Amino acid sequence: MIGPQVHMLPDGRRLHLNHGPIDLIVEAFGAAGEVKAAYQQATSRFQTILPELAEELPALRRAASSRPRRFAGVTALRMEAAVSPLAAENFITPMAAVAGSVADEILATMLEGRALDRAYVNNGGDSALFLAPGQSMRLAIAGAGHGFADRIVIRGEDAVRGVATSGWRGRSFSLGIADAVTVLARTGAEADAAATIIANAVDLPGHRAIRRERANVLAPDSDLGERLVTVEVGGLSAGEVAAALDAGLTVAGRLRTSGLIEDAVLFLKSESRLCGAAFGDGEELRRVRRKPLHKLENIREETHA
Amino acid sequence: MSELAERFETHAAGEKQVAEKIRCDACPVMCYIADGRSGACDRYGNSGGRIVRLDPLTILEQGGAAVAFDAGRAADGGLVNTGRRFVTAIGAGTTYPDYKPAPFIVSQEVEGVDLVTVVTEGIFSYCGVKVKIDTDRQIGAEAATVRAKGEAIGHVTTGEYGSQMLSLGGVHHLTGGSKSEGRVTCDALLNLCNKKPVELTIDGGASIVVQAGKPPVIDGKLENRMRVGCGSATIGMFAAQWRGLVDEVVVVDDHITGVVSEHQAGKVLGWEDTGIKIVGRRSTPGRYFKVSEPGLGWGGTTISDPRSILGEWNAKKGARPGLSLLMVSTTGEQFAYYELDDELKPVEKPFPERLRKSVDLIEENCEPALCTVLFVGGAGGSLRAGVVENPVRLTRSVQELQTYVTVGGAPVYVWPGGGITLMVDVTRVPDNAFGYVPTPALVAPIEFTLRRDDYVALGGHVDHIRSVEDVLAHGGEYLNPRHEIDASSDNPWPPLAQLHLRDGKA
Chain A
1 MIGPQVHMLP DGRRLHLNHG PIDLIVEAFG AAGEVKAAYQ QATSRFQTIL
51 PELAEELPAL RRAASSRPRR FAGVTALRME AAVSPLAAEN FITPMAAVAG
101 SVADEILATM LEGRALDRAY VNNGGDSALF LAPGQSMRLA IAGAGHGFAD
151 RIVIRGEDAV RGVATSGWRG RSFSLGIADA VTVLARTGAE ADAAATIIAN
201 AVDLPGHRAI RRERANVLAP DSDLGERLVT VEVGGLSAGE VAAALDAGLT
251 VAGRLRTSGL IEDAVLFLKS ESRLCGAAFG DGEELRRVRR KPLHKLENIR
301 EETHA
Chain B
1 MSELAERFET HAAGEKQVAE KIRCDACPVM CYIADGRSGA CDRYGNSGGR
51 IVRLDPLTIL EQGGAAVAFD AGRAADGGLV NTGRRFVTAI GAGTTYPDYK
101 PAPFIVSQEV EGVDLVTVVT EGIFSYCGVK VKIDTDRQIG AEAATVRAKG
151 EAIGHVTTGE YGSQMLSLGG VHHLTGGSKS EGRVTCDALL NLCNKKPVEL
201 TIDGGASIVV QAGKPPVIDG KLENRMRVGC GSATIGMFAA QWRGLVDEVV
251 VVDDHITGVV SEHQAGKVLG WEDTGIKIVG RRSTPGRYFK VSEPGLGWGG
301 TTISDPRSIL GEWNAKKGAR PGLSLLMVST TGEQFAYYEL DDELKPVEKP
351 FPERLRKSVD LIEENCEPAL CTVLFVGGAG GSLRAGVVEN PVRLTRSVQE
401 LQTYVTVGGA PVYVWPGGGI TLMVDVTRVP DNAFGYVPTP ALVAPIEFTL
451 RRDDYVALGG HVDHIRSVED VLAHGGEYLN PRHEIDASSD NPWPPLAQLH
501 LRDGKA
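Chains A and B, in that order, give the protein sequences.
For what it's worth, my numbering labels the leading residue of the first sequence as 1, then goes sequentially.
For what it's worth, my numbering labels the leading residue of the second sequence as 1, then goes sequentially.
Just so you know, not all the hints are guaranteed correct.
Computed list of lysine to any residue pairs in SDA-like fashion (alpha-carbon distance at most 20 Å, straight line) [as the list claims (entries may be wrong)]:
| id | chain 1 | residue 1 | chain 2 | residue 2 |
| --- | --- | --- | --- | --- |
| 1 | B | K267 | B | K196 |
| 2 | B | K277 | B | L344 |
| 3 | B | K21 | A | V217 |
| 4 | B | K149 | A | Q41 |
| 5 | B | K149 | B | D219 |
| 6 | B | K196 | A | P10 |
| 7 | B | K179 | A | S44 |
| 8 | B | K196 | A | M8 |
| 9 | B | K149 | A | G33 |
| 10 | B | K149 | A | Q40 |
| 11 | B | K214 | A | P10 |
| 12 | B | K214 | B | N191 |
| 13 | B | K317 | B | I278 |
| 14 | A | K269 | A | P205 |
| 15 | B | K149 | B | K179 |
| 16 | B | K21 | A | L218 |
| 17 | B | K149 | A | S44 |
| 18 | A | K36 | A | L57 |
| 19 | B | K21 | B | S47 |
| 20 | B | K214 | A | G12 |
| 21 | B | K149 | A | P4 |
| 22 | B | K21 | A | E226 |
| 23 | B | K214 | B | R23 |
| 24 | B | K196 | A | V6 |
Label pairs and their in silico Cβ distance ranges [unchecked claim]:
| id | chain 1 | residue 1 | chain 2 | residue 2 | range |
| --- | --- | --- | --- | --- | --- |
| 25 | A | A132 | B | E353 | 58 to 64 Å |
| 26 | A | K36 | B | H172 | 26 to 32 Å |
| 27 | B | H172 | A | A63 | 23 to 29 Å |
| 28 | B | G204 | A | K36 | 22 to 28 Å |
| 29 | B | E111 | A | A32 | 55 to 61 Å |
| 30 | B | D35 | A | D246 | 35 to 41 Å |
| 31 | B | H172 | A | S44 | 21 to 27 Å |
| 32 | A | A32 | B | G318 | 55 to 61 Å |
| 33 | A | R62 | B | H172 | 44 to 50 Å |
To be clear, the hints were calculated from the coordinates, so they are not data collected in a lab.
Keep in mind it's a predicted model, so treat the numbers as computed, not measured.
Quick reminder that beta carbons are idealized off the backbone N, C-alpha and C, glycines included.
Bound conformation, chain A alone (with noise of 0.2 Å):
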C-alpha cells in the first residue's frame, strides 16, 4: 500500500499531496514563516484524512436525507452536512462532496493559529479558498473559453469560499450531460456536492444520442450503485441543448435562492448559462466555443498582483 506523498511542486511555492485518489496543490500567501508552518498543518493533516474517510467509506456511500447522520471523522461530517440541504429533492450521497470536503478539511487544518494573506487548496478542480479581508483571488475557469478570458475575482468581502466543477466529462460519474458546471459557493464541499446536483439536472432523459451506463458496472463499488451514468453525448440540436442547459438553470436557480451557492456557470457542447454575477458579463460566455473539459484542469489558480 502507498501512504500519502507530499512535494514541494518546482516552483517552490506549491505544496503537493497525494495518497490514492486525493491529489491536492496547496498554496498560502503570507510571511515565510507562516507559510510554512501552514503547510506543516497542513502535511500534518494529510496523514489521516484518507485512512479515516476509508473507515467510514459504506456510509458515505449511502444516500442521504435531510436528516444528516452521524459520522466519526470530521471530513465525513463536512460531506454529510453539505449534502444533507439537497436530499430531500434529489438522490445524492455524501461522496458528492468528498473532493471539496478534502480541500476544506485540508484549508482549515492550515489556517488554524495562522495568519496567512490569501490560500487555496485545490483538490483536483475543487478548491477550497481563504481571503483575509481586503485580499481577493483570480480563478481561470479553463475550458470555459479562450485562455485566460473567463476569469473570476473573488473578494475578501464575497461569501465564496468554495468553488467546484462537475460534468460527465469528469473524474467522477454524472446522470447529467453538462460539460461541466461550475459552482462559486460558500465552502468546498457545499459547491461539490450543488456542482453534482446542478450537472445531473442538466439533461435529456430518453435521448437517443446519449450513452448512458450503470455507474457499478463501470466501477463496482461506486455510490451511485445501478443507476444510468453518462458516457457518451452525441450531437444534439441547438434547441436540444438549450432545453437541457434550461433544466440545469432552473435547479441553479433554486439553489441560489435557497442561499446554497453563490453563482454557477453551466456548459453543454458551445453553450453556456450564468446563474448570479460573479462571472461578469455573460454575454462574452455565450458566445465562445469551448474546448472540451479536461480533468484536473478545470480551474486555475492564479496569484494576483
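Model the placement of chain B on the given structure of chain A, informed by the hints.
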C-alpha cells in the same frame, strides 16, 4: 514507486483468467475495479483481471537518439531501435508473495550469447547512504549525530582525504526508532538518492545542505574548492614557484601547516631561515600540527587573522625589517601578504602581483568540491527469491561474477563477503528512480543480468523469460506504459558489461 504487495488475487495460479472486477490495494480506498477501468485515483487499473499500474516502466536506450516518451504515455511504436536496450527496474514494481517470479525476466542475445536480465524493484529496509562532502572545514566531530528536521538520521564517520564523511540511514534509524525518526530518515534518504537537496544539521557542528553532484553549502556558505593537499604537501608542490619572489610562505591548514623556509622542500632549494615561529605542535621541520582548532576559517581552522598562529620573530635566526611573508590557505581561497616592520611585526600590505600566479596555481589545482552520495543496500532473501527459486544461489552467482548487478542500469560495487550488499553512485542512476514504502523503507530498482544457461542452472524462473521486444510491446504483469530514456553515456551497457565481467573488459 509502488508496493503492490498482497494484492487481491482472484484466480489460483495457472487458472485461465477471465475479465472481472478485482480489488486494488494501492491505497486505503481499496477500490473494486471493473475490467478495462481505472480506480478512483486514475493511476491503477484492471486489465484482463490484473492490476495495471499506469506509471511508466523505464527502458534505457544506450547510445544514439532515443524517442523520449512523456511519463504517463504509453509507448506506441515508432521507436528508434539502436538494438541496445535495457529494461530497468524503475517503475517495474515488485511481486508478492516472495516466491513469485520478479516482475520482468527479460532475455536478449548479445554477441551470440543469450542473456537474461531479471528486473524488480527491491524494498530495502536495510539501506542507507554514505555521503562524501569535499571540504576541509570541520562539520562535526566523529560519531556526532546527524539530523534532518530535528530527527537523528545518521552520524559523522571517519574523514577521508579532503572530505568529511557521513553515514546516514540504516535499519536502526529507519525502523528502530520513533515513527517520526523513521519517516524523516526515509524522506532524507529518498531525496538524497533522487539527487535532491537535503538540509542536515550535525550535533555540535555545522548545518549543511547536501545534494548529490553539487557543492556542499556549509553554514550557509557554498564550498567551492577541494584542497590539493595538506599545508605541508602544498609547500612541497609549490616551493619552487615562490623561490625568489617572497622570503617566507606559510600554508595554513587544519591538519598540517607548512612553512617553506623550514620545510625540506625549501631547504633543498636553499631557502634561508627567517626567524619565524609558528604557534603549534611541530611534527618534522616546517610541518606543524594543531595551529588552531578545526573550524570554518582559513584552511579549515577557526582562524580569521592568520597572524594569530605566528609567535615572536627571532632576529638572531634571520628576522629583519622588510622581510616578506605570504600566508595562504590550502585551497588558495584565502591569502594575504605581510612585511615585517621595524619592530619585527608583520604588517599587511597590498597583495603583490608577482605572487598572484602561485596563489592561482594552488586554487587551480584544487578540484571542485562536491557532495557524492552512494546508496548502500542489502538485497534480502525475498528479493532474491523472485530471481531464482533458491535465493542463496543468486548470492553465490553474484559473488562468482556470473551475475552482473545494476541499479537502474548503473553499475554497482558488490561488497565482498556474505549476502548481496551493494553500493551505487546515485548520480549514475536515472532521475527519480528511487521510491519508498511506508514501512518505512526505500524502494530501489535492481537488475540482475546473467547468461541464460547460467540462469537455468541456478533454478531461475525460466517460464517467465520474455524478450525485450515483448516487454516494449506489452509491458509487464502490471501492464504499465513503457517509456524509453537515454542511458547515461558514463554507464556501460549492462548486458555487455556482464559478458566482460570475467575477462576484465567491462
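Tested hints:
1. A threshold of 20 Å between alpha carbons decides the hint, and for K267 (chain B) with K196 (chain B) the separation of about 49 Å lies outside it, so the pair is violated.
2. Distance hint between K277 (chain B) and L344 (chain B) is fulfilled; the C-alpha atoms sit about 12 Å from each other, no more than 20 Å.
3. Our distance criterion of 20 Å between C-alpha atoms is met by K21 (chain B) and V217 (chain A), whose separation comes to about 9 Å.
4. A distance of roughly 15 Å separates the Cα atoms of K149 (chain B) and Q41 (chain A); the hinted pair therefore holds under the 20 Å criterion.
5. Proposed proximity of K149 (chain B) and D219 (chain B) is supported: the alpha carbons are some 16 Å apart, at most 20 Å.
6. In summary, the hint linking K196 (chain B) to P10 (chain A) is supported, as the alpha carbons are separated by about 11 Å, within the 20 Å threshold.
7. Straight-line distance between C-alpha atoms of K179 (chain B) and S44 (chain A) comes to about 13 Å, which keeps the hinted pair within the 20 Å bound.
8. Of the pairs offered as hints, the one joining K196 (chain B) and M8 (chain A) holds, with about 12 Å between alpha carbons and a cut-off of 20 Å not exceeded.
9. Under the criterion of a C-alpha separation no larger than 20 Å, the hint pairing K149 (chain B) with G33 (chain A) is consistent with the structure, at around 15 Å.
10. With a C-alpha separation of about 12 Å, the suggested pairing of K149 (chain B) with Q40 (chain A) holds against the 20 Å cut-off.
11. In summary, the hint linking K214 (chain B) to P10 (chain A) is supported, as the alpha carbons are separated by about 18 Å, within the 20 Å threshold.
12. The straight-line distance between the Cα atoms of K214 (chain B) and N191 (chain B) is roughly 14 Å, inside the 20 Å bound, and the hint therefore holds.
13. About 14 Å separates the Cα atoms of K317 (chain B) and I278 (chain B), which keeps this hinted pair within 20 Å; it holds.
14. Between K269 (chain A) and P205 (chain A), the direct Cα distance comes to roughly 17 Å. Compliance with the 20 Å bound is thereby established for this hinted pair.
15. The straight-line distance between the Cα atoms of K149 (chain B) and K179 (chain B) is roughly 14 Å, inside the 20 Å bound, and the hint therefore holds.
16. Of the pairs offered as hints, the one joining K21 (chain B) and L218 (chain A) holds, with about 10 Å between alpha carbons and a cut-off of 20 Å not exceeded.
17. Using a Cα cut-off of 20 Å, the hinted pair K149 (chain B) and S44 (chain A) holds, with the two alpha carbons roughly 14 Å apart.
18. Only pairs whose Cα atoms come within 20 Å are accepted, and K36 (chain A) paired with L57 (chain A) is rejected, the gap being roughly 32 Å.
19. For the hint linking K21 (chain B) to S47 (chain B), the alpha-carbon distance of about 10 Å falls within 20 Å, and the restraint holds.
20. At roughly 19 Å between alpha-carbon atoms, K214 (chain B) and G12 (chain A) fall within 20 Å of each other, so this suggested pair holds.
21. Simply put, K149 (chain B) and P4 (chain A) have alpha-carbon atoms about 18 Å apart, close enough for the 20 Å limit, and the pair holds.
22. Restraint check for K21 (chain B) and E226 (chain A): the C-alpha separation of about 16 Å stays at or below 20 Å, so the hint holds.
23. Using a Cα cut-off of 20 Å, the hinted pair K214 (chain B) and R23 (chain B) is violated, with the two alpha carbons roughly 44 Å apart.
24. With a C-alpha separation of about 14 Å, the suggested pairing of K196 (chain B) with V6 (chain A) holds against the 20 Å cut-off.
25. In this structure the hint that A132 (chain A) and E353 (chain B) lie 58 to 64 Å apart at CB holds, the actual value being about 60 Å.
26. Range check, K36 (chain A) to H172 (chain B): Cβ separation about 30 Å, and the 26 to 32 Å hint holds.
27. Between H172 (chain B) and A63 (chain A) the C-beta distance comes to about 51 Å, which lies outside the given range of 23 to 29 Å.
28. Remark: the range hint 22 to 28 Å for G204 (chain B) to K36 (chain A) is upheld by a beta-carbon distance near 26 Å.
29. Evaluation of the 55 to 61 Å hint for E111 (chain B) and A32 (chain A) yields a pass: the beta carbon distance comes to about 58 Å.
30. Remark: the range hint 35 to 41 Å for D35 (chain B) to D246 (chain A) is upheld by a beta-carbon distance near 38 Å.
31. Taken as a hint, the range 21 to 27 Å holds for the pair H172 (chain B) and S44 (chain A), whose Cβ atoms sit roughly 25 Å apart.
32. Range check, A32 (chain A) to G318 (chain B): Cβ separation about 58 Å, and the 55 to 61 Å hint holds.
33. Under the hint 44 to 50 Å, the C-beta atoms of R62 (chain A) and H172 (chain B), about 47 Å apart, fit the expected range.
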